[in-house]
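Number of protein chains: 2
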Amino acid sequence: MEDRLGLVKSTIKGYFDDLNNPIFDTFRDSFSFGKMLRSKLIFAIAPDSTLSVRLCAIVELIHFASLLHDDVIDNSLVRRGKASINAKYGNKNAIMLGDILYSKAFYEISCMDSRLSQIISNCVLKLSLGELEDVSLGESFNLDSAKYLQMIEHKTAALIEASAECAGILKGEKGDKYRIYGNSLGIAFQIIDDLLDITQDEKILGKAAFSDFKEGKTTLPYIYLYQKMQENEREQLLSYFKQDLDSKDKDWIKAKMDKYNIIEQVKEVVSNYGNKALNVLDYEDSNLALIMKDMLDREF
Amino acid sequence: MEDRLGLVKSTIKGYFDDLNNPIFDTFRDSFSFGKMLRSKLIFAIAPDSTLSVRLCAIVELIHFASLLHDDVIDNSLVRRGKASINAKYGNKNAIMLGDILYSKAFYEISCMDSRLSQIISNCVLKLSLGELEDVSLGESFNLDSAKYLQMIEHKTAALIEASAECAGILKGEKGDKYRIYGNSLGIAFQIIDDLLDITQDEKILGKAAFSDFKEGKTTLPYIYLYQKMQENEREQLLSYFKQDLDSKDKDWIKAKMDKYNIIEQVKEVVSNYGNKALNVLDYEDSNLALIMKDMLDREF
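Protein chains in written order, with the numbering used here: chain D, 1 to 300; chain L, 1 to 300.
No lab work stands behind these hints, which were simulated from the structure alone. Hints should not be assumed to be uniformly reliable.
One copy or two, either will do: identical chains are not told apart, so a pair holds if it fits within one copy or between any two.
[Stated by the list, open to error] For lysine-lysine, the following DSS-like pairs were computed, each having C-alpha atoms within a straight-line distance of at most 25 Å: (1) LYS92 / LYS82; (2) LYS267 / LYS35; (3) LYS214 / LYS250; (4) LYS248 / LYS214.
Please put together the full structure from these sequences, using the hints given.
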């Protein structure tokens, strides 16, 4: 796998070389690859296709472009434990670099099978709408878990779903079942991310813990917690919304999550999505089960 | 022509309906169509293709998305005589709406002939690189007209060129000659725009005149002016760079432009590009000559 991920990285570097632009080149070393989960997923589904590396490079490029714009919109100054591009070079550069990476990715996918091109561009559309939904939900304390799930389906699951579907097509199959697998996997992945923001140590996360609630993101644990709380507890929880929390406040929230078994409740939701994802595959695919385990049993 | 432009507008409205997103819908009435020059160009080249309307709608969507991001990057608060989207709804919404329109356009073009999809996505890549070049050139007083021309070739000409080339393909011809026509037309178009910033009245422009120099854009007239000036005049011109100019300062610049015949010199460059564009067509095409006239003999 490491060799293949290396090929994806060198393909992306080749795309940067193609741009042949000295101004762009001053930024390119600031781009850091993440865990490349989407590439791992593509390789797990279509290990034998000669086109998998290209698909991975395009998907990673789109993922990276979306993070560039995301960090501007959320005003996030840290990404993967380092200063974000907007923190380092300002919002304007982050916007322009995102546009460049998006359009390079669209160009590269437009040179492949038009089914892939349609799936990928449609997923970026969902992703962009998801961003708008995310910001809109963040304007107030959101109590509607269905709205929350739809938002993460757009914002996070869409690209994982599209990666899986395209990989299924590269494998020579209809992409449908992989799309459904990717959709559930993507939703589960985001809910795990939201849980980690509450349960995990800042050092391991590579960003401040409890940042979601401060940023106005009422993730599933907060929605469930509010539903179970008594009136006076609700008031206190609401008073923390979008505030800088000290360790005493964080401990209070953690204690309430414990009291009402929220983490377990949310983990059960994750597990349901995980099972749904695996059940859709009509055979035991140990690679895809492993990917699922990788994505869900993670620390950051 | 008006009927056809109406069809383009209703196709775009149909694209907005497709999004089926209530949050997006709160913004859609703020989008105003411009002069639709690119659509006029496409209809002039491929009047008989049933696909021209779709191509026009996609190109206008891309143009509009690029303006949304442009206005954030340039901090422009006025567009087409009205408050820009970023002025009205903030930078973050403008970024997200731009991403949505771009990706919808990419999705729609990916459902057409893959040649069109490749040309359009490659042109958006150029356009995004052009934006980066524009900002970079704006960091200091740029004296290199070649760098300036390359930037406008990317930032402005690329989409006009791509529109013409795609229209040529819809007409059933090779797109090459239309691409070359569109390239020259696009460069000439931008230079006219730069001239109007100096020569035209604010009311007609729909934005403040002399805004380019204030924003750090050393357009062709300023480059030529600097080249011809004496040392003490150069110093004065440089002292105006990126400054708020009062009417006395503006009059001084205008007087120097007159003294050195800069406007005529720049108009000759425009005229050369215009002739180059028309010469590349191996027959008299009165529609394309008219488009050229429309684009170049304009007041705003």
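ask   = Of the hints stated earlier, which fail here?
value = Those not satisfied: there are none.
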